[in-house]
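**Student:** For reference, the chains in residue letters:
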Amino acid sequence: MAKKSIIFLLFLLLSATSQAAIELYDFSDDSYRLRYKEVGGQLRCPKCENQSIADSNSPSAYDMRQELYRLLEEGKTDQQIFDFMVQRFGDYVLYNPPMRSDTWLLWYLPPALVFLGLLLAFFLVRSRKSSHSTAKMSLSERQLRIQKILELEKNADPTLSSSNTKESK
Amino acid sequence: MKRFLLFLPLIVFLLVGIFLYKGLSMDPSARESALIGQPLPEFSLPRLTNPNLLVTREDLMGEVFLLNVWGSWCPSCYDEHEEIVRMAQAGVPIVGLNYKDEPAKAFRYLSQLGNPYTQILVEEDGLRELAFNLGVYGAPETFLIDSEGIVRYHLAGVITPQLVDQVIMPEVQKWQKNR
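In order, the protein sequence lines correspond to chains R and S. For what it's worth, our numbering labels the leading residue of the first sequence as -2, then goes sequentially. For what it's worth, our numbering labels the leading residue of the second sequence as 111, then goes sequentially.
In isolation and in its complexed conformation, chain R is listed as follows (with noise of 0.2 Å):
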């Protein structure tokens, strides 16, 4: 059981050294270190599914956080730089896909799915409010609403009430 336990705790040691993967950047300026994280962050990388280019252990995003640096260090935008990526690995690499003709419906939908969703809250609480008075009552809420009528009927004619009683009958 404590061979077991040891062994167990050596094969621990070996997955922290495999982890620490640490790359050093010697920026010519500061401003270079912030840029390089933001657009890192923003760059997805291709062979992960969903991970920016920051956080992936891959070794294609270690070349594009290279290359990143070489066109930091040469004095590129951002612009020209996310250019650059996806000429090469395509518009997946954007975490924010381009306003395009073919890429209208991903950036438009949700914002009209929620006007179409409050448009017909809306809608349905107002005709909820209009047709509450006369269809979906119950039968005691008629019953009650009847004998009010029949008590209003009353007090403004009696006469005329207490003949059409006796017909009735």
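In short, the hints are calculated from the structure, not lab data. Careful, some of the hints might be misleading.
Listed next, the in silico SDA-like pairs over lysine to any residue satisfying Cα-Cα at most 20 Å (straight line) [said to hold, decoys possible]:
1) R/K126 / S/K112
2) R/K126 / S/F242
3) R/K44 / S/F242
4) R/K44 / R/P56
5) R/K73 / S/F242
For chain R, the structure is supplied; the task is to place chain S on it using the hints.
**Tutor:** Just chain S now, with coordinates in the frame of chain R:
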């Protein structure tokens, strides 16, 4: 109108269902390369068999060929090698790009499985000379380049017998005719 509204949730459910069901059978790694229709990037890389000899883009021009990115470290490359040999035997020129590999291991790989390549370029780890500019993010990857040097087809992943017969060979023949 009221009746129709009753069925609205069902309709929405069906639409979402169809959408998600389609998503089940879609392969998120199968996406078109940004290089399709673009010229093969310029490069200058050594040959595996003769590291002193640098090969450039111009050296490869003139015929339709396949560019196969491989490495001895890549398990799927072993799986597809048989198909590469088969295509080479059928007369398709295939240029290898030994990617992030070590020459000794690459030679061992070839001596074990055979060498179907007309020539093999070497891009060591950290070089980013050709593979990066082609948008390669793993191995194996295969590109079809026409006689003018334009990338016409790209596959990220294993070449299967089916792919060879139904897609790659027809594509090769199509672009050979087009010259």
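**Student:** All hints, please: hold or fail.
**Tutor:** Hint check results:
1. R/K126 / S/K112: Measuring from Cα to Cα gives roughly 16 Å; hence the hint holds.
2. R/K126 / S/F242: violated (64 Å)
3. R/K44 / S/F242: Cα-Cα ~13 Å, so holds.
4. R/K44 / R/P56: At roughly 9 Å apart (the allowed maximum being 20 Å), R/P56 and R/K44 satisfy the hint.
5. R/K73 / S/F242: At roughly 18 Å apart (the allowed maximum being 20 Å), S/F242 and R/K73 satisfy the hint.
In this structure, only the earlier hint numbered 2 is contradicted, and the remaining ones agree with it.
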